[in-house]
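Residues per chain, in single letters:
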Amino acid sequence: MIAVAMVVLSACGLSNSDSGGDTADLTITVGTPALDGNWIDPMQARNALSTAWMRDAVGEGLARQEVDGSWVPGLATSWKLSDDRLTWTFSLRRDVKMHDGSIFTAQDVKTAIDRVVREAAKSPENWIDYLSHSGYAKAIDKVVVVDDLTVEVTTKQPYPNLLQDSPVPIATDYYNKVGEKGFMQEPVAAGPFKFVSQEVNQSIVVERFDDFWDEERKPNFKTLVMKAVPDETTRISGLQSGQLDVVQGLSANGAEQLEGSGDIRIVTSESASLGFIQMLDNRDDDPSPLKDLRVREALLMAVDRQAIADTLYKGYAQVPATPFLTTTAGYDDSIEPQPYDPDRAKQILAEEGVPDLKLDLNSYSSSPSIPNVMKFVEAIAGYWEKIGVTVDLTLDDNATYVQKSYDKAYDGASVFSINGSFASELTGYVPYFTTDGILTSHNDDRFDNLLDKALATMDENEREEYGRQLNKLMLETLYVLPMVRFDNIMAIGPRVAEFRPKVATPIAEPFWYLKAK
Amino acid sequence: MLRFALGRLAQGLIAALVIVSAVFFLARLNGDPATLLAPPDAGPDEIESLRAELGFDRPVLIQYLAFLGDLARGDLGTSTSYHTPVSELVVPAMGQTAQLAMVAFLLALVAGVLLGTLAGTRANTRTDTSVRFLAVVGQSIPSFWLGMLLILLFAVTLNWLPAFGADGPGSLILPAVALAALPTAAIARLTRSTVIEVHHKDFTLYERAKGVSPPVLLAHVMRNASLPVVTLAGIQLGAMFSQTIVVENLFAWPGVGRLAIGAIGSKDFALVQGVVVINTLLFVALLFFVDLLYGVLDPRVRDQPAMAGG
Numbered sequence: 001m002i003a004v005a006m007v008v009l010s011a012c013g014l015s016n017s018d019s020g021g022d023t024a025d026l027t028i029t030v031g032t033p034a035l036d037g038n039w040i041d042p043m044q045a046r047n048a049l050s051t052a053w054m055r056d057a058v059g060e061g062l063a064r065q066e067v068d069g070s071w072v073p074g075l076a077t078s079w080k081l082s083d084d085r086l087t088w089t090f091s092l093r094r095d096v097k098m099h100d101g102s103i104f105t106a107q108d109v110k111t112a113i114d115r116v117v118r119e120a121a122k123s124p125e126n127w128i129d130y131l132s133h134s135g136y137a138k139a140i141d142k143v144v145v146v147d148d149l150t151v152e153v154t155t156k157q158p159y160p161n162l163l164q165d166s167p168v169p170i171a172t173d174y175y176n177k178v179g180e181k182g183f184m185q186e187p188v189a190a191g192p193f194k195f196v197s198q199e200v201n202q203s204i205v206v207e208r209f210d211d212f213w214d215e216e217r218k219p220n221f222k223t224l225v226m227k228a229v230p231d232e233t234t235r236i237s238g239l240q241s242g243q244l245d246v247v248q249g250l251s252a253n254g255a256e257q258l259e260g261s262g263d264i265r266i267v268t269s270e271s272a273s274l275g276f277i278q279m280l281d282n283r284d285d286d287p288s289p290l291k292d293l294r295v296r297e298a299l300l301m302a303v304d305r306q307a308i309a310d311t312l313y314k315g316y317a318q319v320p321a322t323p324f325l326t327t328t329a330g331y332d333d334s335i336e337p338q339p340y341d342p343d344r345a346k347q348i349l350a351e352e353g354v355p356d357l358k359l360d361l362n363s364y365s366s367s368p369s370i371p372n373v374m375k376f377v378e379a380i381a382g383y384w385e386k387i388g389v390t391v392d393l394t395l396d397d398n399a400t401y402v403q404k405s406y407d408k409a410y411d412g413a414s415v416f417s418i419n420g421s422f423a424s425e426l427t428g429y430v431p432y433f434t435t436d437g438i439l440t441s442h443n444d445d446r447f448d449n450l451l452d453k454a455l456a457t458m459d460e461n462e463r464e465e466y467g468r469q470l471n472k473l474m475l476e477t478l479y480v481l482p483m484v485r486f487d488n489i490m491a492i493g494p495r496v497a498e499f500r501p502k503v504a505t506p507i508a509e510p511f512w513y514l515k516a517k
Numbered sequence: 001m002l003r004f005a006l007g008r009l010a011q012g013l014i015a016a017l018v019i020v021s022a023v024f025f026l027a028r029l030n031g032d033p034a035t036l037l038a039p040p041d042a043g044p045d046e047i048e049s050l051r052a053e054l055g056f057d058r059p060v061l062i063q064y065l066a067f068l069g070d071l072a073r074g075d076l077g078t079s080t081s082y083h084t085p086v087s088e089l090v091v092p093a094m095g096q097t098a099q100l101a102m103v104a105f106l107l108a109l110v111a112g113v114l115l116g117t118l119a120g121t122r123a124n125t126r127t128d129t130s131v132r133f134l135a136v137v138g139q140s141i142p143s144f145w146l147g148m149l150l151i152l153l154f155a156v157t158l159n160w161l162p163a164f165g166a167d168g169p170g171s172l173i174l175p176a177v178a179l180a181a182l183p184t185a186a187i188a189r190l191t192r193s194t195v196i197e198v199h200h201k202d203f204t205l206y207e208r209a210k211g212v213s214p215p216v217l218l219a220h221v222m223r224n225a226s227l228p229v230v231t232l233a234g235i236q237l238g239a240m241f242s243q244t245i246v247v248e249n250l251f252a253w254p255g256v257g258r259l260a261i262g263a264i265g266s267k268d269f270a271l272v273q274g275v276v277v278i279n280t281l282l283f284v285a286l287l288f289f290v291d292l293l294y295g296v297l298d299p300r301v302r303d304q305p306a307m308a309g310g
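Chains as they are written, first to last, in my numbering: chain A, 1 to 517; chain B, 1 to 310.
Derived by calculation from the structure, the hints in this document are not laboratory data.
Any given hint could turn out to be false.
[Unchecked claim] Facing chain B, from chain A, some residues (calculated, C-beta under 7 Å): (1) V196; (2) Q198; (3) Q202; (4) V229; (5) P230; (6) D231; (7) T234; (8) Q240; (9) Q243; (10) Y406.
[Unchecked claim] Derived coverage of chain B by chain A (criterion: at least 3 residues anywhere in the stretch with Cβ under 8 Å from a Cβ of chain A; other residues may be distant): (11) 80-94; (12) 146-154; (13) 245-255; (14) 259-270; (15) 284-291.
Glycine residues also receive a C-beta, built at the ideal position from the N, C-alpha and C atoms.
Isolated chain A (complex conformation) (with noise of 0.2 Å):
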């Protein structure tokens, strides 16, 4: 028996599983619900949830951000900007590497931002390749290479988000010789990871870069298999069994299942998503009883957000005072969210005018970014109408809803929710919150003054001072209810000695502090 179970486990890559303190030939394998994106060149990466990891993986950006949210100089050491605002220039590390062997200059940043420029303006063939940086592209006037350690990029408006958008430097030499196609199949860049293969929708493989520049973050094992198990309950038995060493996509109960399980930990990071419900009325200018902020106010009391967090989530979820995540540009975790009162509430009601308040709560049946979103919605419901609210629900399934959401098709209530790795930025906010915003709930001008403000401005006190006067107008305007923001819940096995993700992503990334013990 012991015999078939050693053919077996060195069958499924396990043969690693003894060897003791000498990590550096081992094999991490990453259990994943999807990889349905095809994007592992590192520029494009982003395209897809599924393969974001990749552009920190392979790629190393002019800046990272690291794992507490932050942003801190990659490739670039330091920058400055002109006083025209369009100018960056960036002074760039010294004695790196690539993973084809050539040692980074200015010319492989400018390799990369041209690329982008002049890919993604070849629509319709490249639209979908370049979707992340299409705004980026548009608005690149040139980049100069000034000398081998200096490179300057200009835009063609102020554009305050270069740091964080500029596609990663790539071996100018070698995307030369492969070109466009073969780029992409085979990417080249200066990441902790080389790419080694790719199955479609099964499996992404890399390897540790051995010359990688920054000793601190470059991995103690050989191999990272990143492998698509759709199944949570699967993925935990990968987990169990040993044929996984992190599993990332688990849910409440998944890791409430796993908890105290010996040798399994559960590694979690803070403000993945945060799921909300639109006050739509406020929209036109029909008359609704929604457009009363008392009214507004009374539905978000009657709603017992900490029992819904601690019951329907297990803990793995927390009560916000407002949409923002904990990383978003003025965040205050000062304010308190408001009590739970259905008391109050059903008094409110009573004061305006409308005690047999009567409303439309519109969801998808199933979300990216809310799990249990059907359970979650029916609490929600069931708490209005414990204060003798009418709830009218309708489910719709994920993609009907979008779009039915895009074409103003719903009245009353809608659940909507923010992504962490969309929305860390305040741009996340503007198709929620602007008056033309396509996901709009109000008309408001002054969402669209401070956004406008915040995304223009250059300085990040200032961005952040707008970001608190914005977090403030939604807690005095309540068009949208904060419910519940959900962690992003994994859990390592035991040949795992420390795993830190980032934090405001709904997926395990970066695997710079993944440890193999």
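Starting from the known structure of chain A, fit chain B onto it as the hints suggest.
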């Protein structure tokens, strides 16, 4: 025989066309993928231009005609979510599904016929009762649940087999067993009842009276009992290609089932259509093959093509 074959083939192609057309229109009932593909901060104009680039702004009938034209040339279109020709996705995935389905099918056929014959030749004994009990269990247990139990026992507790994936022959065992349970039970039950039925026919009685040895008798019984079993097995094999969806999802098996589920969620019309086209053609081809086999097994069928089962 040739006329019979050609007639069947034509029927099959018409069936495939009807099914694919139904899927084409049903998929488009609730919008298109443009809104799902657009970046979250895209404006209405950007979504509209995206829709135009994808060709979803054209009237549905025009889209349908274009689709039929492409299909006639063997072009299944381009997947909007993978940005890859559909055939490049569906063909390798179909290979994986076929591998899983064939192994499960052979398992079901061998186990089903063996168990069914065993029970049929020993009708109303303890063996028969046990087989019938097993068959009821096999037919009523959902494949995903059986799959979960198999994973818990053989992967988590015993650590003999991988819990999921498609790495080597070991990883084929659990999904194949989970998939085979239902058809095994169905084949076993039918084999049992036909064996009992044939056992009571005049010719078996005569052979028994003549003192024909049991193995020869069994061979004669089996040949006559095989017709309904072959029909059922053919249908089971076809059905297996759709049942794999659940099992593939559970075992992370990279087949068409998983591809189809993802494609439906992301409104990847071309991919959904591609999977349906290939699956339907395969099903039609299987039934066609079963009909031919029927003709080989029973010469009477060849003379009455209209009566052939299927």
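Let me make sure I understand: some of the numbered hints might not hold for this structure. Which ones are they, in numerical order?
Structure breaks hints 1, 2 and 15.
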